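Peer 1: Okay, here's what each chain looks like letter by letter:
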Amino acid sequence: MKFAILVSEGPYTHQATDTAYQFAKAVLAKGHEIFRVFFYHDGVYNATRLTTPPQDDRNIVKRWTELAKANNLDMVVCVAAAQRRGIVDDGEMQRNGKDATNLAEPFRISGLGQLIEAGIQADRLVVFGD
Amino acid sequence: MKFAILVSEGPYTHQATDTAYQFAKAVLAKGHEIFRVFFYHDGVYNATRLTTPPQDDRNIVKRWTELAKANNLDMVVCVAAAQRRGIVDDGEMQRNGKDATNLAEPFRISGLGQLIEAGIQADRLVVFGD
Amino acid sequence: MTTKQFMIVNRKAPYGTIYGWEALEVVLIAAAFEQDVSMAFLDDGVYQIKKGHQTKGIEIKAFEKTFRALEDYDVTKIYVDQESLAERGLTADDLTIPVEVLSRAEIGKRMEEQDIVLAF
Amino acid sequence: MTTKQFMIVNRKAPYGTIYGWEALEVVLIAAAFEQDVSMAFLDDGVYQIKKGHQTKGIEIKAFEKTFRALEDYDVTKIYVDQESLAERGLTADDLTIPVEVLSRAEIGKRMEEQDIVLAF
Amino acid sequence: MLHIINKSPYDRPALDSVLKTGEGTILLIEDGVYAAAKGGAVEPKLKAAMGNFKIYALTPDIEARGIADRVMDGVLQVDYAGFVDLVAENKTNQSWL
Amino acid sequence: MLHIINKSPYDRPALDSVLKTGEGTILLIEDGVYAAAKGGAVEPKLKAAMGNFKIYALTPDIEARGIADRVMDGVLQVDYAGFVDLVAENKTNQSWL
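Residue numbers (my numbering), protein chains in the order written: chain P, 1 to 130; chain G, 131 to 260; chain H, 261 to 380; chain U, 381 to 500; chain S, 501 to 597; chain X, 598 to 694.
Calculated directly from the structure, the hints in this document are not laboratory data.
Take the hints with a grain of salt, since some may be wrong.
The calculated DSSO-like cross-link candidates involving lysine-lysine, where the alpha carbons are at most 27 Å apart (straight line), are [unchecked claim]: (1) P:Lys98 <-> G:Lys199; (2) S:Lys591 <-> U:Lys489; (3) G:Lys132 <-> G:Lys155; (4) H:Lys337 <-> X:Lys617; (5) H:Lys337 <-> H:Lys369; (6) G:Lys192 <-> H:Lys316; (7) S:Lys520 <-> X:Lys642; (8) P:Lys2 <-> H:Lys264; (9) X:Lys688 <-> H:Lys369; (10) U:Lys384 <-> S:Lys591.
Predicted model, so just to flag it, every value in this text is computed and none were measured.
So that you can see chain P by itself, here it is in the shape it has in the complex (with noise of 0.2 Å):
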């Protein structure tokens, strides 16, 4: 089966991104597919590479882009989410006159279409969020 998920926010402070992690998981050990990861709302902030958690706790990014490398994932970050939010690639930190970016590999910024998109081709698609 193909699973969409929605991950709404930011790490550490909701444990939605813990739950979603886990989930994912859990579909790609059960053999289902992951279409895509979708990240709206405060969920952009799962995206930064900036992150240095305490050496003693989980590194959600780290683990997202590990998840993500390992599975070949799609993890999308909608662009509107993360202008508002400081969450910016190469493409954004030119067209908006930054002077850095912060955007995690293998994150890509898209629009939220990409979202719909999901909806449409995943046989599920689940939420994860505050």
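Given the structure of chain P, go ahead and fit chains G, H, U, S and X onto it with the hints provided.
Peer 2: Frame of chain P, contents of chains G, H, U, S and X only:
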């Protein structure tokens, strides 16, 4: 009278930062002093210079920085909260081996002790959060 | 393109958080993708479409106008929970757009018919 | 250094959000600054100090141990709302640290005596 | 003391929780101002509380939510400057997050 | 359909709100699992709901909150794999945020 303000939520997602800003302006308009504005929890996201809100929307980060510069406010971001959430200045970049910064001027990153000190030094501490 | 039934559910008050506004952006995009879109307002979500938002004092953009534009996007299936209105002393006349007022059980049935339910 | 009365109030459940943990960090720092620190647990906040958190499955660090270390920081004024416990079917025996169980009105009085109340 | 409530009384127990503390001053802000609106299920509760609590509500938040024409009698409205005064007048304040 | 609830029943109306929809399957996760604990004020409500709803709760969240020894009879426990199965078995799901 001497006020201190604690901001506990990020920009746009919760009204807390908007109310804190309006409150801070009113404090100054009344001739009171603001000892410090402290940013904790997701409040640290107020301090990124990488946001690009829509043209017809308020620019929350810019509003804070302008208010701070015009009134010489001490705007402090909690270092532990900032590390978890990817808010980085030059010092943090070097210490944690990051390749970019995103802290806006004149915010500064410092310890949680600065919140306690604000509580001790100010006559009133008001919290804005969710 | 495949057409699916998308329902966007609003259960939160406006302005205190951004969820209502960002939900509306989802509605507009889903409509642009020519999906079968409906909206449901329950609990504090009914306040999203209360008439007469004057947001100058809080300096946050009011989005009443965007709700009134929904018809132009062919989003006309707008359901409101009767009990949530009543609990808050509101009636359909207090709302800024025409809606279908339904019992919660009836809304539950509509939810069940969807392919995708996104609640904010 | 001036000593002020700081009360840290917990009203949220643990793990679902980080507020309880970040509140505890405030308590420890306030104690390090030799302030007169107390804590109050009301509403879902009482779950913060429920015994027996096993967080391996959710991969989030449990902070029960930190609560038990509060005494070493001379944080001994720990108030719990009787009604919040009762509503949740809990008693003081279910808690991981010794506390003073008080009526809400009594807790209200302690709040009023503070210089600073920080609620999470 | 001053209790600041920014949560809707229909969504969160913050108002109930404050009322149980016994007495004081309440300022309703943000989504908390819905507690000041006439005609809803919360009205009797707030009315009863007026014996022990002085109730204020923030005008800009009331206007934003379209309930300016239905604020309950006995609720005192303030703007941000009045909010500052309330904080200054009360030795202790608490935001019920 | 599958209703996913991640809010404490003592803090938010999400559970009440779902119960009013009539029938279906509920999965309690995160702070939502407190609804599955015996002895609290929510117990009668969940018990009554069991006629119309099948109630599941996520074991890792139950264990994290220290309530593994007081889960109500009739609540079915699942791990993350079981969560995936529930989503797969139900054509529609909704997270009550």
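Peer 1: Now tell me, hint by hint, if it's right for this structure.
Peer 2: Hints and how they fare:
1. The straight-line distance between the Cα atoms of Lys98 of chain P and Lys199 of chain G is roughly 21 Å, inside the 27 Å bound, and the hint therefore holds.
2. For the hint linking Lys591 of chain S to Lys489 of chain U, the alpha-carbon distance of about 13 Å falls within 27 Å, and the restraint holds.
3. With a C-alpha separation of about 14 Å, the suggested pairing of Lys132 of chain G with Lys155 of chain G holds against the 27 Å cut-off.
4. This hinted pair checks out: Lys337 of chain H and Lys617 of chain X have alpha carbons roughly 21 Å apart, not beyond 27 Å.
5. For a cut-off of 27 Å, the pair hint linking Lys337 of chain H to Lys369 of chain H stands: about 14 Å separates their Cα positions.
6. With a C-alpha separation of about 19 Å, the suggested pairing of Lys192 of chain G with Lys316 of chain H holds against the 27 Å cut-off.
7. Distance check on the hinted pair: Lys520 of chain S and Lys642 of chain X sit about 24 Å apart at the alpha-carbon level, within 27 Å; holds.
8. Distance restraint check for Lys2 of chain P and Lys264 of chain H: the Cα-Cα separation of roughly 15 Å lies within the 27 Å cut-off, and the hinted pair is therefore satisfied.
9. Between Lys688 of chain X and Lys369 of chain H, the direct Cα distance comes to roughly 13 Å. Compliance with the 27 Å bound is thereby established for this hinted pair.
10. Distance hint between Lys384 of chain U and Lys591 of chain S is fulfilled; the C-alpha atoms sit about 12 Å from each other, no more than 27 Å.
Going down the numbered hints, you'll see the structure goes against none, and every one checks out.
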